[in-house]
Amino acid sequence: MALVGPSGAGKSTLLGLVNGSVPPTAGTVEVLGTDPTTLRGRSQRELRARVGTVHQHLELVGQLRVVHNVNAGRLSHWPAWRAAWSLVRPQGLPEVLAALEQVGLADRVFERTERLSGGQRQRVALARLLVKQPELVLADEPASALDPVLAERALALLAGLAADRGGALVASLHDPALALRHCTRVVGLVEGRVVLDAPAAALTVGDLADFYGAPR
Amino acid sequence: MTVVLDRPQAPPRLNRVRRRWAWGLGALAVLGWSLAGAGAFAGDVVNPAGAGQFGRFASAALSPALDGEFLRVLADSVLVTVAYAALGAALAVLLGAVGAVAVARTTWGRRRLGWTLSRGALAVPRGLHEAVWGLLLVNLLGLDPWVGVLAIGVPYGAVTAKVFADLLDEVPRGGYEALLAGGAGRVPAALYGLLPPASGGLLSYSFYRLECAVRSAVVLGLIGAGGLGYQLLLSFSSLRWEQVWSCVYALALLCLLADVGGRAVRRRVAAPRSSGDRLRRDPMLSTAVLGTLAAIVWAWWYLAISPATLVADRTGEQLRYVLSAAWPPDVDGPLLSAVAVAAVDTLQMSVIAIAVATAGAVLLAGVAAHPPRDAPVLRRVTGSAVRLALLLLRAVPPPVWALVLLFVLLPGVLPGALALGVYTLGVLGRLAAEATEELDPRPRAALTAMGARPVGGWLYGVLPAATGPVLAFALYRWEVAIRDTVLVGLLGAGGLGALLASRVSAFDWGAVTTVLVAVIALTAAVDLVSARARAALR
Amino acid sequence: MSSRRAVRSGGFGEHALSRRSLLAGSAAVLAAGLAACGRDSPVSSSGGSAGSSSGTRGSLTIGAIPDQDPEVLQRLFGTLADSMSEALDLDVTYQPVTDYGAAVSLFRTGDLDLVWFGGLTGVQARLQTLGAEPVAQRDIDESFTSVFIVNADTGLTPADDLTPLADLRFTYGSETSTSGRLMPAYFLSEQAVDPEGFPAGPGFSGSHDATISLVASGSYQAGVLNEQVWAARLEDGTVDPAAVVQYARTPEYHDYHWLAGPQAVERLGADLPDRLLEYFTGLPAGDEVLELFGAGAFIPTEAANYDQIEAVGRDLGLIS
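Sequence order for the protein chains is A, B and C.
Positions 1 to 216 (the working numbering) are the ones given, in order, by the first sequence.
Positions 1001 to 1538 (the working numbering) are the ones given, in order, by the second sequence.
Positions 2001 to 2320 (the working numbering) are the ones given, in order, by the third sequence.
Simulated from the structure, these hints should not be mistaken for lab results.
Small disclaimer: the values here were computed from a predicted structure and weren't measured.
Heads up, some of the hints might be wrong.
Label-pair restraints from in silico Cβ distances [claimed, not checked]:
(1) 2072(C) <-> 1051(B): 54 to 64 Å
(2) 2235(C) <-> 1041(B): 41 to 51 Å
(3) 2317(C) <-> 1071(B): 24 to 34 Å
Covered, in the sense of this in silico footprint (three residues per stretch, anywhere, with C-beta under 8 Å from a C-beta of chain C), are these stretches of chain B [what the hints assert, rightly or not]:
(4) 1046-1052
(5) 1157-1171
(6) 1233-1239
(7) 1530-1536
Partial list, computed: chain C residues near chain B (C-beta under 7 Å) [said to hold, decoys possible]:
(8) 2105
(9) 2109
(10) 2111
(11) 2163
(12) 2166
(13) 2169
(14) 2175
(15) 2176
(16) 2197
(17) 2200
(18) 2209
(19) 2213
(20) 2318
(21) 2320
For every residue, glycine included, the Cβ atom is placed at its ideal position computed from N, Cα and C.
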């Protein structure tokens, strides 16, 4: 599913409501069959472990090596001692390498993340989701810093990741073409309200361009 | 894309950064050596029988002396302390401004030798603790308020000169060089091209010095310069813990006011309000600057400082007396070996102290940082409690900690080291908390949203980013700790401080010179090592 | 510019307003310097040298080494200062000092005219200050003693033999205290105990009270202090007799005495030492001052009484 809408429409807020980082001021949210606001502690973490979010690479810790930033996707599964030990001897290296391979960064696995470019960091953030294996994939502008070829591949990866676990991908996107190619459903937001909800097949690139109000 | 994927892949290897590992292992080795030297592995270090005495000190915290007579005395001494701090900091900024010109790279240009020598000259006033300056000045000036002012102003002035010079040197040169190229003289070019971009940093550092001066003014009570520290020492030497705590609370309050005020000013300097098209000054900054100037003028009046004292015949006579007794330094064998032993003790004490403080600061930084507005009540309460505890740790002067810890620990280097450690923890904990507050909160929030446990979120989201600044602060405080060991040197803790006190009390000025040279050399050496280590951290 | 504004808006109106014309052109600091004239500093009584505040009467600043509870010292010397002012027709003020060394230095610089020194500090001060004269001592100072105390857990019973102390963790009082350091060290070495020996070296607790506390806590197993202070603490019940006990008493020695400085003599007349001695020895039995000093009377003293202290001090490296 693609989320489209002008800046400030509420796309990021909606994703935040779903992953539980933004508490709702009114109404209820249902995620994978439960209301995240009613959960606390362990059950809250268990639900969150099934949801994976990728931001615009802002969630990475620059001082950590790439391998640790990728492994951070598994913190919901790991006991604390293993998380700590992994900072000394990286754990689960094969999975990390496989994930990085998929985004084309396997050779930078021990690089410090702050040395990477914006596009490379965005791909590290994708790799983090790949090792996490969530059922529900939330993506906030996952392709914004990537060149067209990489953007295409990134979305394919995300969609495939969600499909593997029988779940869904919710991505906020600026590029109408990408939205139509990789999503089956398009939801448009303006000032926090849903103004468009249609199957991708019923829409054209021109329709979406009009929606952004920008000539194309 | 295929280009990326088909790149020939060497099997990735985990390359540790050698330099950092060398520093880390070196630090561990030095810590182990220090602990062994302090007898921490030798078994008996704790004296459980003294718990009662320690308890008496601790429980007095709940019943500070509050009788009217004592509070009146306390209020007077608070005024004296504030006056010392204001004048001392003012003198430091004045000396710093003049000194900065003398030691800036900008002044010396390519003449490296001159620059190195002028920098080296600063190490002398900087290497001696304020209390040592006080002790020496009392011998020159007697019980004059100048003692307190100069004892703060001179060493602080040297530090300030170095920092001011660095700030000026770090300003981008483009504007300044364009003005020079345009035919402006060096001074006007500096005024227009260097000073304005550096002014924020200069102002904010000046206020930071004022905060520090409050604590130093208290330490000067040690040498009878008056004020809150003097009052604290009077109560302390007769072990009236209730009064000691009253003094500590008064001091904590002063520190808190200075911290809060100084921080507000520094924040405002860092993020100025836009003034639009009118020439308008920030009212808050103007108030702070004018208020400080007014405080300086008041302090001058209140302490009844007379510049005549400094140029009086008697002062010159005393200076000649002490200098002639102090030169040449004493270099006989037994003294030199005593200095060497004491220097090792001092080093070990400072290393243990800084290790204790760093470990504590790293653990407490997260809790001590101001939580976001919507944090749970429990989190906010524990945060305030930890911040208060840190404030008290740094408000109780190290000599008091040393005696109190000696009730529950057997004599040796360890009680002194721990005394210094808890005091430094008070300072370092606050710095670490501030560093944590300034971190980007998003990485940790993202980890939490993905279901990470709090410990995991802290390990991956906070620790890696906070380690650098906290270690840099710790290394900086190490140099300060070396100087502070002078304060806890007595009571069998040994070190250069004990040796210095013993030689001063015997009026053996030749030996005093030797010990002072050793203190300065050790401080300079630690400064050098700490600067190298900080460079490796970056 | 901003400093001028600070003065106008600053909080010390009267001084600034009365000198507005001056302030208009000069720096604020200079103005404050003028304002400061005629004010006594809260941190120094500026007795002898400044002396402009008093009228025709001469002034005398007295001091004491901080060898015990400073509040007691304040009461004691405050009372003495009042009594002396009246008897000698002088402005006598008491200036407390927090450090033994500072007391000596301030005596040398002339900030303190008449100081109640301990045996060692008196010798140090006299050797540094040409023309300083010992004036008087208490009757009890002729035959002063210290006591060695031990923690009860050591199981030691009172004895005259000091050698068992050599194997205990031991603390002196202040480093330059005659009764808490110097003379005990001398008597220890008389019995072939190294006064700088002891396991891990001797400690310096800083005060007689701290010595009692540290020995009671067991951190130090033994210590030594002024017998007067010990007796007083026993009497007022601050000592726990189950935790700390007296082990031995030292032989007698000379200790405290009054030392008058040359600058006061120059200022107030060559007969000043005689007038002071007359005052001290003339105090009637039962006088409040004598009570507070714990003395039956003051008696004359002379430099030769302290030759032994000087010799021991040189041995220990406390006099150079």
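Here is what the structure says about each hint:
1. 2072(C) <-> 1051(B): 54 to 64 Å: 29 Å, violated
2. 2235(C) <-> 1041(B): 41 to 51 Å: For residue 2235(C) and residue 1041(B) the Cβ distance comes to about 44 Å; the hint holds.
3. 2317(C) <-> 1071(B): 24 to 34 Å: 44 Å, violated
4. 1046-1052: With 4 residues close enough to chain C, the hint holds.
5. 1157-1171: violated (count 0)
6. 1233-1239: holds (count 5)
7. 1530-1536: Violated - the stretch 1530-1536 of chain B has 0 residues with a Cβ nearer than 8 Å to chain C, which falls short of three.
8. 2105: 5 Å, holds
9. 2109: Since chain B brings a Cβ to about 4 Å from residue 2109(C), closer than 7 Å, the hint holds.
10. 2111: 4 Å, holds
11. 2163: Result: violated, 21 Å to nearest chain B Cβ.
12. 2166: 16 Å, violated
13. 2169: Result: holds, 6 Å to nearest chain B Cβ.
14. 2175: 5 Å, holds
15. 2176: 5 Å, holds
16. 2197: 13 Å, violated
17. 2200: 6 Å, holds
18. 2209: 5 Å, holds
19. 2213: 6 Å, holds
20. 2318: Result: holds, 5 Å to nearest chain B Cβ.
21. 2320: Since chain B brings a Cβ to about 4 Å from residue 2320(C), closer than 7 Å, the hint holds.
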